[in-house]
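Next come the chains, spelled out residue by residue.
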Amino acid sequence: MDSTLQPSASTAPPHSRFWLRVRRNPVGLGAFIVLCLLTVLVVFGPSLYRVAPDSTDPLNILAAPSPAHPFGTDELGRDMLSRLLYGGRVSLAVGLLSMLVGLTIGTLAGGIAGYFQGWAETVVMRLVDVFMSIPSFFLVLVIVTVFGNHPLTVVVTVGIGFWAQMARVVFAEFTKYRGREFVEAMHALGASHARIMFRHIFPQVLPQAIVLATLGVGWAILTEAALSYLGLGIQPPLASWGNMLQNAQAYLYSNPMLAIWPGLFIAVTVLAFNILGNALRDVLDPRG
Amino acid sequence: MTAYILRRLLQGGVVLLLISAVTFLLINLAPGGPTSAVSLGRTAEEREAVLKQYGLDRPILVRYLDWLGGVSRGDLGKSYNQGLPVASLLAQRMGNTLLLALSALALTAVLGVGLGVLSALYKNRWPDHLISSLATVGMSVPAFWLGIVAIIVFAVQFKWLPSSGIFTVGQEFSLADRLRHLAMPAGVLAFTLMPNVIRITRSALLEVLTSDYVRTARAKGVSEQVVLLKHTLKNAMVPVIAILGLITTVLFSGSVVVESVFGWAGLGRLAIEAANGRDYPVILGVTLLVGAIVVVVNLLVDVLYAAVDPRINHG
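If you're matching them up, the sequences are chains A and B in order.
All the letters of the first sequence, read from the start, carry residue numbers 1 to 288 under UniProt numbering.
All the letters of the second sequence, read from the start, carry residue numbers 1 to 315 under UniProt numbering.
Mixed in with the good hints there might be a few duds.
Selected chain B positions facing chain A (in silico; Cβ < 7 Å) [as the list claims (entries may be wrong)]:
hint, residue
1, 17
2, 19
3, 25
One-sided and incomplete, this derived list gives chain B residues near chain A with beta-carbon spacing under 10 Å [to be verified]:
hint, residue
4, 18
5, 225
6, 280
Hints are computed from structural coordinates only; laboratory data are not their basis.
Each residue gets a CB set at the ideal place from its N, CA and C atoms; glycine is no exception.
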């Protein structure tokens with residue numbers, strides 16, 4: 001809307017146009033910085049703060065914050081700060097990897113359906129209807145119940161909860177582009193279907209896919225947290241922000257902070273991913 | 001119109017059939033499926049007897065068709081853990097979930113539409129920014145954690161509301177008691193549903209407010225209030241109704257977690273109990289029921305949509 005007021009944005013070379021839009025979006029930039037800081041914290045934090053996350057201290061259970069335990073200890077006397085750092089690793093990793101799984105399945109299925117149409121469309125899009133009709137959390141619940149809760153299973157499962165949404169968007173985009181002149185030109189030049197799909201159409205879809213994927217990470221972190229909170233996701237003693245809340249509810253009267261910290265980390269992280277996703281939509285895809 | 005409804009009915013039926021097939025196959029083909037669940041700690045002969053008792057020794061397609069035949073007669077099988085028919089377990093819990101879901105939906109409708117309208121009327125001014133920030137936060141905060149925080153504040157600190165349950169045990173039915181128990185779970189659930197409604201209401205209303213017929217109405221000297229209440233709001237509600245299907249899926253996903261936090265004995269809790277106890281017939285039944293509700297809601301929305309908006313082509 002305000003691009004008409006600032007003609008410099010449209011005449012500048014593409015990369016500086018990108019940076020211009022980024023600079024005009026300080027909140028999005030802030031969210032990105034928060035995510036970078038969180039990543040640094042959970043990746044390098046444990047090597048600086050050398051307290052084992054699963055060593056119990058029976059004499060110091062449910063301890064208040066002290067120099068030895070800056071965030072206090074939980075009901076088994078485990079150090080909260082250490083568990084928050086290690087739990088963050090797990091939560092962030094599960095979130096990112098799940099999104100990759102959903103992105104890959106969704107893009108492949110949606111791309112094939114949109115590019116070839118016909119029966120591929122029928123099969124994929126009916127399946128999308130099915131997956132969109134089962135509330136995602138029930139789906140995740142069913143899969144985790146039968147395939148178990150190994151961390152990798154949780155990753156794949158949460159990713160599967162997300163693929164249909166991705167497929168629907170990618171399908172719409174591929175349908176839009178498949179008839180365009182540049183695609184016909186590539187056909188005439190003898191390019192293979194795979195080449196046209198990945199080298200020529202996919203880059204057009206990429207901005208939308210990136211936006212959806214960024215929002216998807218937030219969703220995946222929330223889903224993993226909820227699963228783990230219910231005891232069906234990441235299993236203790238391995239910490240995740242979600243499963244740290246599992247037992248905290250029993251101590252709400254005496255130690256409410258046990259429940260506050262992990263949730264606060266989840267909320268801030270997901271909020272940052274959501275803000276970043278919305279900002280990327282403005283930056284990468286100003287039409288949408 | 002009749003042809004359109006019939007076609008949508010048929011499509012809905014196909015989706016429902018596919019849902020049943022996907023969940024049934026997923027559960028039965030998995031390595032941790034029912035056949036392995038009943039074999040824990042049993043000898044080979046015992047195992048065979050149990051498999052036979054539950055009909056698990058037959059080929060999967062036969063079992064699926066048999067189960068499907070049962071479903072069509074309202075028989076969803078028997079719970080492994082409780083020995084009761086799944087259908088009666090679902091019926092027991094359904095009312096509680098509906099009470100919670102409909103309360104949350106009503107709260108969402110009032111607050112979500114209200115805030116969305118405010119947001120549109122104050123476009124790009126501080127109320128709009130505040131409300132859209134609130135919506136982003138609502139999308140980001142884990143529902144179960146919000147529930148826990150609500151318990152800490154309202155039950156632990158101020159002791160205004162009970163921390164769990166549907167009614168006070170051993171007390172006679174009273175509306176006030178019910179509402180006190182309902183307040184936190186319905187509020188938390190509504191908070192997670194609201195962002196979608198706020199966003200759609202805002203964008204739909206903004207679109208209608210800039211349309212030609214509204215400009216004409218204003219030019220005629222119709223007051224702002226009448227323009228808003230009589231001319232625009234009704235049209236702006238069409239897209240909001242259109243996402244009711246999406247909202248229903250979010251509602252059920254949210255209810256699983258919220259029911260667990262607040263000890264609310266509904267379908268969501270039943271699903272969690274069944275998942276923890278590997279009670280496959282129950283999981284299958286809950287998923288099918290919830291999927292069916294979503295399909296029916298989508299169907300109703302489409303029919304309503306077509307009836308309300310004559311421009312929609314149902315050919």
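Each hint, compared with the structure:
1. 17: 9 Å, violated
2. 19: It holds, given that the least Cβ distance between residue 19/B and chain A is near 5 Å, below 7 Å.
3. 25: Residue 25/B check fails; min Cβ-Cβ to chain A is 10 Å, beyond 7 Å.
4. 18: Holds, about 5 Å.
5. 225: 28 Å, violated
6. 280: Holds. Min distance 8 Å.
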